[in-house]
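Colleague: Produce the entire structure from the sequences given, and follow the hints as far as they go.
Residues in the sequence shown are numbered from 3 upward in steps of one, following my numbering.
To be clear, the hints were calculated from the coordinates, so they are not data collected in a lab. We treat Cβ as the ideally placed atom computed from N, Cα and C, and that holds for glycine. Careful, some of the hints might be misleading.
Ranges of calculated distance between the beta carbons of each label pair, as one might list FRET restraints [claimed, not checked]:
1. 50 to 3: 24 to 34 Å
2. 104 to 17: 24 to 34 Å
3. 53 to 92: 30 to 40 Å
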Amino acid sequence: MARFDIFANPFAAERVHTPFVLDVQNDHLGPLATRIVIPLRAPGSYGRQATGLNPLLDVNGMAVVLDTAALAPVPASLLKQPVCRADTRRDDVLDALDTLFGSY
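Modeller: This is the structure we're talking about:
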């Protein structure tokens, strides 16, 4: 499990609107029981996207919106095999986090 790994949403009932989550936690905090993730939502189920805060990503051919403001801890034990990685979009993800936390 690593920063920028993308996982299937561990909560099956939410997968229709939020099919994936993106791990954004620092890899040096691996021993913690939780990981901080950002929901990746289907564009049709997401409202107006804020510039810089909600970039559109592609997960194996599926467009998803990074719902940065909804980041949350998830038990690491629920995150199984990553489906792909978002390291090629690292700058966009970090910019979204900077926008949320005021570091821009």
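Colleague: Could you run down the list of hints and mark each one as holding or not?
Modeller: Here is what the structure says about each hint:
A hinted range of 24 to 34 Å holds for the C-beta pair residue 50 and residue 3, which are about 32 Å apart. Separated by about 32 Å at the C-beta atoms, residue 104 and residue 17 satisfy the suggested range of 24 to 34 Å. Our hint of 30 to 40 Å for residue 53 and residue 92 is violated, since their Cβ atoms are close to 19 Å apart.
In summary, the structure is inconsistent with hint 3 from the numbered list given earlier, while agreeing with all the others.
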